[in-house]
Amino acid sequence: MKTPAIRISNLTKDFAVGIRGMKLRAVDALSLEVGDNEIFGLLGPNGSGKSTTIKIILGLLEPSTGSCEIYGEPSRRVSARRSVGFLPEAPYFYRYLSGRELVRYYARLCAVPRSEIDWAVDSVIDLVGMSEAAHRRVGTYSKGMLQRIGLAQALVHDPQLVILDEPTAGVDPLGSAAIADIVRELKRRGKTVLLSSHLLAQIEGLCDRVAILHRGQLVKEGRVDDLVEEKDAEALVVQGLTPEGRAAVEATIQAQGGHLARVEKPRLSLDAYFLKEVHEQESAYAAKNKAADESTDGKDGSA
Amino acid sequence: MSAAESFTRVRLIAGTTFLEAVRQKFFNSLLLISVALVASSTFFQQFDFGAGELKFITDFGFGALFFFGSILSITATAQLFFNEMENRTALTMLAKPVYKLEFLAGKFLGAHLLMLCFTLVITLVLSGILYWREAAIVAQLGAEALADGPLIRYGDVFLFGFLQWMKFGILAAITLFVASFSNTNLYTIVVSFFMLIICQLQYIARDAYSGMEAGWERFFVFGLGLIFPNFQLFNVGDQLVFDVEQVLPATVVLRMTAYGLIYTIAFILLAQLNFRRREI
Amino acid sequence: MQSILQHPLLQRTLRVLTVLLALLLLGLLTRPVEAPAWQVVKAGQPEMNLEAIEGSLGQGLVIGVLGGFRAILADFLWIRTNTVWERKDRAKLDAMIRLVTTLDPRPEFFWINGSRMIAYDVPNWRIREEGGYDAVPEARQQVLDLEQAEQAFKLIDTALDFHPENARLYLEKGQIYLNRLKDDANAAEWFLKASQKPGAPFFAARIYAELLRRQGKNAEAYAYLKELHRELPDSPFAQKGVILERISELEDELKIPVWERYRP
Chain A
119 MKTPAIRISN
129 LTKDFAVGIR
139 GMKLRAVDAL
149 SLEVGDNEIF
159 GLLGPNGSGK
169 STTIKIILGL
179 LEPSTGSCEI
189 YGEPSRRVSA
199 RRSVGFLPEA
209 PYFYRYLSGR
219 ELVRYYARLC
229 AVPRSEIDWA
239 VDSVIDLVGM
249 SEAAHRRVGT
259 YSKGMLQRIG
269 LAQALVHDPQ
279 LVILDEPTAG
289 VDPLGSAAIA
299 DIVRELKRRG
309 KTVLLSSHLL
319 AQIEGLCDRV
329 AILHRGQLVK
339 EGRVDDLVEE
349 KDAEALVVQG
359 LTPEGRAAVE
369 ATIQAQGGHL
379 ARVEKPRLSL
389 DAYFLKEVHE
399 QESAYAAKNK
409 AADESTDGKD
419 GSA
Chain B
85 MSAAESFTRV
95 RLIAGTTFLE
105 AVRQKFFNSL
115 LLISVALVAS
125 STFFQQFDFG
135 AGELKFITDF
145 GFGALFFFGS
155 ILSITATAQL
165 FFNEMENRTA
175 LTMLAKPVYK
185 LEFLAGKFLG
195 AHLLMLCFTL
205 VITLVLSGIL
215 YWREAAIVAQ
225 LGAEALADGP
235 LIRYGDVFLF
245 GFLQWMKFGI
255 LAAITLFVAS
265 FSNTNLYTIV
275 VSFFMLIICQ
285 LQYIARDAYS
295 GMEAGWERFF
305 VFGLGLIFPN
315 FQLFNVGDQL
325 VFDVEQVLPA
335 TVVLRMTAYG
345 LIYTIAFILL
355 AQLNFRRREI
Chain C
670 MQSILQHPLL
680 QRTLRVLTVL
690 LALLLLGLLT
700 RPVEAPAWQV
710 VKAGQPEMNL
720 EAIEGSLGQG
730 LVIGVLGGFR
740 AILADFLWIR
750 TNTVWERKDR
760 AKLDAMIRLV
770 TTLDPRPEFF
780 WINGSRMIAY
790 DVPNWRIREE
800 GGYDAVPEAR
810 QQVLDLEQAE
820 QAFKLIDTAL
830 DFHPENARLY
840 LEKGQIYLNR
850 LKDDANAAEW
860 FLKASQKPGA
870 PFFAARIYAE
880 LLRRQGKNAE
890 AYAYLKELHR
900 ELPDSPFAQK
910 GVILERISEL
920 EDELKIPVWE
930 RYRP
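Chains as they are written, first to last, in our numbering: chain A, 119 to 421; chain B, 85 to 364; chain C, 670 to 933.
Simulated from the structure, these hints should not be mistaken for lab results.
Just so you know, not all the hints are guaranteed correct.
Straight-line distance between alpha carbons at most 20 angstroms, and here's what the computed SDA-like set of lysine to any residue pairs gives [said to hold, decoys possible]:
1. C:711 - B:332
2. C:711 - B:337
3. C:711 - B:289
4. C:711 - B:334
5. C:711 - B:331
Quick list of simulated restraints, FRET-style, between CB atoms [claimed, not checked]:
6. C:728 - B:271: 23 to 29 angstroms
7. A:127 - B:170: 28 to 34 angstroms
8. C:827 - B:123: 51 to 57 angstroms
9. B:294 - C:684: 30 to 36 angstroms
10. A:197 - C:728: 55 to 61 angstroms
11. A:258 - B:335: 52 to 58 angstroms
Which chain C residues stay away from chain A? Per the calculated CB distances, all over 10 angstroms, these [unchecked claim]:
12. 802
13. 809
14. 850
15. 900
16. 905
Where is the CB? At the ideal position from N, CA and C, for every residue including glycine.
In isolation and in its complexed conformation, chain A is listed as follows:
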C-alpha cells in the first residue's frame, strides 16, 4: 500500500490561556489520512481547529499528544517540509519585490538548484497565470493576484503535497474559479492538495474527499458524493413536457412502485451563472476588439 500523504493519529492540541494557564482545546483526538494524489477538503466553521491542524502538519506547532506524519516522516522535522508547499490565509509579501523576485526568493530558500531556478520560477508563474504581471511590484497586486503569486511561491520547489489555507477567502468568483482550475491541474500532475475552507460552495465540486471539523473534533469524513448524495433518490431533468404528459409520468412512477418526492425547477448555482455571464461578456468584448483591430489594420493598409 502506498504511504499516505498525511497521516494524523489521535492528535490533540491544548493552548494555555491567561496567566493561570486555563486550557483551551483546539484539536481533540483527531485521526485522519489524506491519500496521495487526492484533493482533500478540511471543512469547518471559524475556530473549528482547521488552522491549528494545518500548523501542526507544517511543523509550526508541537502537538500536545498524538502524531502527524508527512509521507511517513514526522512533520516536526524540518526535512519533512521539503515535500510541502503552503499558502497561508490572506498572505502578505515584501511589497517592494516584483512578483518574479518574490517567487525566486522562495525558490532559493527551498534550495532549488541554480541551474533550474529560472525555469522553475517561470513555469509556476505561468501555471498560476501571472506571467503578464510578474514584473510588477507585489505592492500593486489585487487580492486575487496576491493569492495567485502566493500559490506560485508555494509550488516553486515542486512539492508533492500542497496545503492551501482558505485559498478562496476574500477572492471574487473569477479568482476562485481560477484557483480551482490550478488545483485540478495540480491533481492532474500527480500532486496531493489539502485545502481548508469555510466557503463550501466554492470547493464542493473540487474535493475528492472532505473532513468536517467542529470544536476540534472530526464530525464526518468521506467522499463528497457519498456524503451529500441522497442514496435512495434519483432526479430526472425533463424538458418540453405537457401537463398531460406529466400526469402520465407520475402515474407510471406510481405504477412502478416509486414515489414522487418533490418537483423542482433545476437551477444553476449563482457562482456558475455568474461565471457563464462573465465569460460570455469577455468573449464578446474580445471579438469586438478583434474586429476593430482588423478594420484599422485594413484602413492602414489602404492608406
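Please build the complex by placing chains B and C on the supplied structure of chain A, with the hints as guidance.
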C-alpha cells in the same frame, strides 16, 4: 541539510530583512534627523572655542550615534520581527524547510546590517565635519597647532563606531529575545528599553558591590552585575579621537569585540528557546 | 503530581529561572574577557561627586550622565556657562564652572577656559561694579586681582589632581602670575614647571629664561639657555635661532670673553 545551505538561507532572510528595513520611513527619517543633528554641530563655531570646538563636535556626534542608534536598534528589530509575524510572511518562510534558528539569525543579521549602515553614515558625516573644521582651525591658529601631531585621530572615530555597532548587536539580540516571548511590538520596545537602561547602568551596582557588607543585598547586587551585560564598557568615546595620555590598547578592543559577540550569540540562542515553542 | 508539573504557570516560572541561570553563568564565563577591558575603560572615567551634581542637575539628568551622556551634557552646560559669562553674572559663573568640571574633569578645555574667566574677566567686572577703573584706587584693584587669581589657582590645582602631567595647566598658572599679577618670580617658577612636562610648547622654556633676565638673574638665564639650546631638537618650532640670539645678548651683558662664548 548542509551548513552551506543553511548559511544561504540565513543570508537570504537577512538580505530581504535589510531591504525591507531600509525602505521603512522610520529608518530614513531617523537617519536624516541624526545626520542633521551631527551636521548642526557646526553651530559650535559661533562660540569661538578654538581647538576645543572639535571636542564639542565629536561629543555631539558620538552622543547622536549612541542615542539614535540605541533607539533604532530596538525599534527596527522589534518592528521587523512583528511585521513578519502579523503579516504571516514568517509563516510562508517557516513552512519551507527553514529552521526557526535560521529565521531568527536572518532577522538579526538584517537588523544588524541596517545598524552598520546607520553607524557608517553617521561616522562618515562626523569625520567630514571634523576634517573641515580642523582645517579651518589650523588655518586660523597657524601650523604650530599641529606641532604635536594631528589634532584628531580619525581612525578612532571609526573605532568608536565599530564598538558602538557591537553594542547595537547585543541590543538587537536582546530585543529579539524579548520579542520571542512577547505578543506585541509596544511591549517588546518598552521592555527592551528597560533592559538597555539596566545594562547601561549595571556598572554602578557592580561598583557598589565592592563596598558592600556580606549579606543577601551583596549577593543580589552581585547577581545583577552578572545577569546583565555591561554596556558602559563600550562607552569609550571620551577616551578616543583626541591625543590624550592613554590610547585604547588593541587588546582591550579585542576583548570588547569578543564580549559583544558572545552576548549577541547568547541572546539569539535564548530567543530561539522561546521561539521554538511559539505559535507562528 | 504530573499535572502540577505540567501546569503552565510552573512551566513559565521554570523557563524564567532557566534564562536567569543561563545569563548568570554567561556573566561568570565572560568575566575574564570583560574585567580587564573594563578596568581600562573605568580608569578613563574619573569618579564624580554625585551628590554635588545631583543637587544642581536633578535625578533625571544624573541618570543620563551615568548612562553615557556625561561628556555631551558637560558640553551643553559649558555653552550655558558662556551665556552666564556674557551676562557677567559672576556668582552663577563660579557655580557653573564648578559643575561642568565636576561633571567631566577630563577635558583640559573646561579647566583652562574656566580659570581664564575667573582670573581675567571677573576682576574687571568687580572693578566696574565698584565704580570703574577711574574711581577704584590702584591698591583696591590689586586686591581684587589677587582674590580672583587665587580662585583661579584653586581651580587649576584641582585640575592638576586629574591631569598632573598636563603642561598647559602649569602654563596657565604662570600666565596668570605674569599677566594679571605682574609677579615675575612666581610666573617663572610655573613656566619652568610647564616646560618640564611632556608635550610642553617650546616657548615655555624661552619665557622662563626671559623672566629670569627680568629679575636680573642673567647668569642663571645664560646657563639655562645654553643647556636648553643643546637639548632642543632641530624643529622649526623650537626656534633655536632666537635662543642663540638671546645667548649672545646675555654674553654681551655678562661680558663673557670671546674664547669662553657658547659655540653650538
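Hint check results:
no. : hint                              : verdict
1   : C:711 - B:332                     : holds, 12 angstroms
2   : C:711 - B:337                     : holds, 14 angstroms
3   : C:711 - B:289                     : holds, 14 angstroms
4   : C:711 - B:334                     : holds, 16 angstroms
5   : C:711 - B:331                     : holds, 14 angstroms
6   : C:728 - B:271: 23 to 29 angstroms : holds, 26 angstroms
7   : A:127 - B:170: 28 to 34 angstroms : holds, 33 angstroms
8   : C:827 - B:123: 51 to 57 angstroms : violated, 36 angstroms
9   : B:294 - C:684: 30 to 36 angstroms : holds, 33 angstroms
10  : A:197 - C:728: 55 to 61 angstroms : holds, 57 angstroms
11  : A:258 - B:335: 52 to 58 angstroms : holds, 55 angstroms
12  : 802                               : holds, 73 angstroms
13  : 809                               : holds, 77 angstroms
14  : 850                               : holds, 71 angstroms
15  : 900                               : holds, 68 angstroms
16  : 905                               : holds, 60 angstroms
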